[in-house]
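Could you build all of it, start to finish, from the sequences and the hints given here?
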Amino acid sequence: MTPSCEAILNDPAASEWLKLALVSALERDPVDAANDAEVLAAVLRGRCDAVLFAGESVNNLLDALQDELRRNSDE
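If you read the sequence shown in this note's numbering, its first letter stands for residue 3, the second for the next number, and so on.
Keep in mind the hints are simulated off the structure, nothing from the lab. All values derive from a computational prediction rather than experimental measurement. Every residue, glycine too, gets a C-beta built ideally from N, C-alpha and C. Hints are supplied without guarantee of correctness; some may be wrong.
[Stated by the list, open to error] Below, simulated SDA-like cross-link-like pairs (lysine to any residue); rule was C-alpha separation at most 20 Å, straight line:
no.	residue 1	residue 2
1	K21	L46
2	K21	I10
3	K21	D38
4	K21	A43
[To be verified] What follows is a set of in silico ranges between Cβ atoms, one per label pair, in the way DEER data are often shown:
no.	residue 1	residue 2	range
5	E58	T4	25 to 35 Å
6	A27	R47	10 to 20 Å
7	P5	R47	16 to 26 Å
8	D34	L54	24 to 34 Å
9	S17	E58	21 to 31 Å
Structure (structure tokens):
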């Protein structure tokens with residue numbers, strides 16, 4: 003279940019960024035605010051995926067390098 007605006011604003015665990023964004027959105031036309039929130043969520047999701055994928059790529063590269071070093075030290 004999605005929390006209400008009041009629940010988020012009163013939740014001490016909710017981030018200040020979220021609370022400020024919510025207060026700002028509540029002062030706007032609800033359709034415009036919802037549309038902008040969807041765009042923002044998509045952009046942030048894409049950024050998150052890019053960061054996580056980059057981290058995976060680095061980890062895969064490090065694993066491959068460690069494997070190569072082990073093989074070279076065995077020779």
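Could you tell me which of the numbered hints above are not met by this structure, giving the numbers in increasing order?
-> none
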